[in-house]
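Colleague: The primary structure of each chain is shown beneath.
There are 2 protein chains.
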Amino acid sequence: MSYKEYNMWLQDGGNTPPPVETQIEERVLNHWDNINGHVERGYAGDSLFFKNGNIDYDPKRIRDYARFLSSIGINRVCCNNVNVTERAAQMITDVLLPDVAKLADIFREFGIRFIIAVDFTSPRLIGKLDTYDPLDEKVIKWWSEAATNVYKYIPDLAGFLVKADSEFRDGPAALGRTQADGANVIARALKPHSGKTYWRCFVYNCTQDWRDTKTDRPKAAYDHFYPLDGDFDENVILQIKHGPSDFQVREPNSPLLGAMKHTDQAIELQVTQEYTGQQIDLYALAVQWEEIFSAPVSDTQTMRDLMGNKVSAIVAVANTGTDINWTGHTLAQANLYSFGRMACNPSLTANEVLTEWIKLTFGENKELNKALLDMLLASRSTYEKYTSPLALGWMVNISHHYGPSPEGYEFMKWGTYHRANHKEIGVDRTEKGTGYTTQYHPYLDKLYSNKETCPENMLLYFHRLPYDYKLKDGRTLLQFIYDTHFEGVEEVEGFINTWDNLKSLLPNEAYESVAEKLKLQLLNAKEWCDVVNTFFRRLTEINDEKGRHIYD
Amino acid sequence: MSYKEYNMWLQDGGNTPPPVETQIEERVLNHWDNINGHVERGYAGDSLFFKNGNIDYDPKRIRDYARFLSSIGINRVCCNNVNVTERAAQMITDVLLPDVAKLADIFREFGIRFIIAVDFTSPRLIGKLDTYDPLDEKVIKWWSEAATNVYKYIPDLAGFLVKADSEFRDGPAALGRTQADGANVIARALKPHSGKTYWRCFVYNCTQDWRDTKTDRPKAAYDHFYPLDGDFDENVILQIKHGPSDFQVREPNSPLLGAMKHTDQAIELQVTQEYTGQQIDLYALAVQWEEIFSAPVSDTQTMRDLMGNKVSAIVAVANTGTDINWTGHTLAQANLYSFGRMACNPSLTANEVLTEWIKLTFGENKELNKALLDMLLASRSTYEKYTSPLALGWMVNISHHYGPSPEGYEFMKWGTYHRANHKEIGVDRTEKGTGYTTQYHPYLDKLYSNKETCPENMLLYFHRLPYDYKLKDGRTLLQFIYDTHFEGVEEVEGFINTWDNLKSLLPNEAYESVAEKLKLQLLNAKEWCDVVNTFFRRLTEINDEKGRHIYD
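Protein sequences, first through last, are from chains E and L. To convert, note that position 483 of the first sequence is 949 in the numbering used here; the numbers rise steadily by one, no gaps. To convert, note that position 502 of the second sequence is 968 in the numbering used here; the numbers rise steadily by one, no gaps.
It should be emphasised that the hints constitute simulated quantities derived from the structure, not laboratory data. Even glycine gets a Cβ: it sits at the ideal position worked out from N, Cα and C. Treat the hints loosely; a few may be bogus.
Unchecked claim - Mimicking DMTMM-like on lysine to aspartate or glutamate, the simulated pairs with C-alpha atoms at most 20 Å apart in a straight line are: (1) L:K898 <-> E:D1018; (2) L:K889 <-> E:E890; (3) E:K680 <-> L:D996; (4) L:K917 <-> L:E953; (5) E:K879 <-> E:D560.
As the list claims (entries may be wrong) - Derived list of chain E stretches under chain L, where covered just means 3 residues or more per stretch with a C-beta under 8 Å from a C-beta of chain L: (6) 736-747; (7) 883-893; (8) 1005-1012.
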C-alpha cells in the first residue's frame, strides 16, 4: 500500500482490519486528554475527543481513528486523562454519560471497548458524600450505583482506570486505607458487569527532601504494592510503568513486574514522547520496547515470558491529537503502529514492525526502505547519546521536559537526583546504598549490583562512580559522556543528510514536514551537547581528550 | 494611632490625608493586575480592581485604598498590568471606558490621577488597522482619536504607560522604528490633553544564547535608550528600573538614570517582593531604597541629587491585593508606606520612615517599637545573606522566583549567568570583560572596575573571581558565602525569638499572622543555606572552615 493509499485508507475508510495474532488479551491505549481540549504531554495538537469541557469531536475523524487503532490490534481505549478534573469526573454520571456513550459506540463498531478514567474521590467530589473512604458503606453503595448506571449506557465497558495517591491526587492512603482497599471498592462495583479496575502504581513521594538520601523514588512502586499481593480482587489489574522512574530513555524494568504472583498486571508504556523527544526529535520506540521485552527478569525468564501470563495487559499513553498527520512528527506514526503490533505480539522485533510500517506508509522502494529503516533503528541510540548516556537521566528542563538542565531537578522535591560533585556522580542503589537492587530476583540483584556485570548503558542508574572510572573499552566515564554527546549531534546531522538524499523518493509533504523537524532536532542535540559537556567541564575541570570545543 | 485605630482609619474613613512634603512631582503606583483578576507577581490575594475580564471591585474598599495611598503621598496610579491582554487593551475604548472612568472618579476624590497601561499594537489589535507602525498616518490618527475619546471620560488622566519591545511584547523595534518613534506617537496624541507617555526601558534580549559571552543583559537599557537622548518629546517620561538587572536584592543603580540630559526619567522600584521574599520572608525595602538614593552617580552627586531634577517621577510596582491586611504579610504594609513617604522625600532614612510606620501601626510602646525597628532594619541584610551575598544573584527557581536553584537560569535565554566552575565565579563587566562599567560616569567606572574599590557587596556583579579571593577582612570569597548563608538562618531564628518575646505587646491577629510567615521564612532560609552551600561544596570541594554541616 503506498503512502497515498494508506492515507486514503485511514481517512476514507475501506479495508477491514487486517488479522492480528496475539498472546495478550488486552491491548490498551490511554489518552491523557483533558476535557478542556488540551492534551497533557501531547505534541500533536489538541484532543480528538474533547473541547471546552464537553465531549466534542469530528465523528468522521473518530471513525478513522478507531478503524486504524483496530487495524493494529488495539482493543481497549481510554479517552480521558488519568488526572481527572471535576468536570471530567462527570463522565460516569448522567451529566456526560449520554455523550460518552455515543463516543463508545463508534469505537465498538471496530471491536474496541471503552475504559473511563475516574477520580477516586468521586463519591465526595461529585456524589456529595462526606467521605470517599473505600470501606464506608455509603461509598461502597455510591460506586455500585454509579457502575450500574454507567453500564446502562455502555454495556461492554472494560472498566475504570484510576490514578490515586499520586502526584497530589488523593487516594485511599490519605484515609489510612491500602491500595487494595481502594482498587477493590471499585472492582466490586464493576464485577456484576464484568468490568475491571485498572489501578495505576505510580505512587511515590513527590515532596521528597533532596537532603534525604534514604528515600529512593525507584523503590516506591514495589514498596507500596508488593506487600499487598493477594489482597487485590480478581478483576483488578495493576498498571505498572515499565521502568521504576518515569518513561526515561534508559531505565531498568520495574522490579514489580512479575514479582506479584497473585495479582493481574499491565505493563504501561508511553507512546507520546514526553522524555523522548516530544515528537520533534526522532525516536523509534520499538527499539526500546524490544529491549524492555527481551530483558531478563530472572536467570531463566525475560519480560516477554511474563507477557500473556501475569502481565495480562499492555497499555500505552497515546501520541495522537488533532494534527492532520495525527502525531505531529510524521515518522512518529511509526510509534503508534509499533505499539499495536508489539502489544499483539511482543516477540516481534523493532526491525520487523518498522519494516512493516515503512512499507505500508511509503511503498516498496528498496533504497528508501533501507535508509529509513536504518535511521529509525538508530534513532533511539542517537537520542540517548545526546541526552542520557549511561542512564544519566533527569538532566532535563523542569515541568515541560524538553531540552537540557543538568541541575534542574537536583534540589527539587521529585526524588530525581544525580548528586554530581567535582569527583563523582550517580546514586548507589545496591544493598550498600539505597537497597533498590534487592527488590529484584537475586539473579538480577547480583547482575546490577556488580559494576563489572551491570550493563554499561545503565551504570549510573545503579552506581555512584568517579569520572575517571574505566569503562570496558578503556575510556573513562566522563570521556564516554563527552564522546556520546558529540556523536549524538553528528548522527542527527547524518539523519538530515539521509533525509535530503531521499527527497526524490518521498511524497513532498512528508519530506518537508520531517525535514523541518530534523532541523529543530539538530538545534536540540547541539543544546544538549553543549550544555551537558560545559556543565561537566565546569564541574570537573577535565578536558575532552580529543580537544573538541566545549564552551566555558 | 494604635494598630486598631489605624485599621479603623483605613477601613472606616475619618482623617484627611496628612500633609506631605515633596520634591518629586509624580509619585506613581503601578499595579500589575490582570483583567481576569490575577495579579502578576502578586502575593496578597487577587486584584482589587478586576475580576473575570471586567472592572469589578468593592467601591468601599477602593475608597479606603485611595485614601491611604493619598495619605502617604501617592498621586498617580495605574491599575492595570503593563502586560496588557487583548481584553485589557479595551480599557481605552468605549468597551471598558465607562467602568474605568468610574474607578478613576474614586481616586480623583483623593487627589490621585489615573494612568492606563496600553498595548503598543492597539491600532492593529483592537483598532483593526493593518499595522501599528508609529510613523504610519493611520496609526497616528488612531492614537489621536483614542486619546481624545479617553479624555472625554477621564479629563485629568495622567497618561498612558507602555511596555514595548520587551519580553515577547511587540513594539516599534519590531517594525524597524526607534523607541522614540514609539513613545512619541502616543505622546503627541496625549499632548493636547496634557497627558504623558510613561515608556518603560526594560528592553533587552530575552532569547540570549548562554554561549554568547559578548551580550550582557545589564547593558541593554543604556544601549537602547542613551543614544536617543533628545529624540523624545517633552511629555515622554522614560520609566527606568532602579537596577540594570531586574529588582534583585543587590545590584548597582542603572547607568541610564541621570545619563540622559534631555529626557524626563522615572525611577522604577518594586514594592511587591518578587525577588525579595514574596511577602513570606521579611524584607524592609526602605533600607534598600535608602542605599539606592544615597549611591553616587558621579564624584559629586548621588542618585538623590537627580531626583526632582531629571528624575522627575518615582514609580513602584504595588504589593497590594484583596487579602484583608492588603499586603499578605502584615509587616509588608511597611513597604507600601515607606514607598509613599520616600517618594515624597527621598532624603528620609529607612530608620525614620519605619519608625513612623511602627508608631502609626502599633502605637507608642518603646520596647515593641525598638525591637520591631531593629528587626525591620536588619531584614534586608538577613535576606541578602541567605540568598545573594556579594550580589551573587539569580540563583533562584525559574519562573516563580521563590527559593534557590543555583543553576536554574544558568543555561537559559534570559541573560542571567554566573558561569561558576570549579575555580571561579562571576562575570567580568569591566572594560576588559563585557564593558558594562564604561556606561557609568568615569568616577563610577573606575570605582567598580577596581576590585579593591568596588563595594564588596557588589563584587560578583562586576568581577569574575576565584573562590579563594581574599576579602578585606581576610576571609575567602567562598568562606564569606558559607558564613553569610549560615548567619542568614541564625538571624531568621533571631527574628522568631524577638517576635515571640513581643507577643504580649502585639494585637493577637498581627502576632499570629506574622509568626506563621516567620516559620515559612525559616524553612526558606534553611533551604537556601543548604542548597547553595551544597552546590558550592560539590563544585569546589572546599569545606567550611568552621566545620558546620554542609550536605553532600
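Colleague: Now, for every hint given, state plainly whether the structure supports it.
Modeller: Hints versus structure:
1. L:K898 <-> E:D1018: Answer holds: K898 of chain L to D1018 of chain E is near 17 Å, not above 20 Å.
2. L:K889 <-> E:E890: Between K889 of chain L and E890 of chain E the Cα gap is close to 17 Å, so the pair holds against 20 Å.
3. E:K680 <-> L:D996: holds (18 Å)
4. L:K917 <-> L:E953: violated (25 Å)
5. E:K879 <-> E:D560: Status violated; Cα separation ~39 Å.
6. 736-747: Result for this restraint: violated, n = 0.
7. 883-893: With 5 residues close enough to chain L, the hint holds.
8. 1005-1012: Coverage by chain L holds for the region 1005-1012 of chain E (3 residues, Cβ < 8 Å).
Violation of the numbered hints given earlier is confined to hints 4, 5 and 6; the remaining hints are satisfied by the structure.
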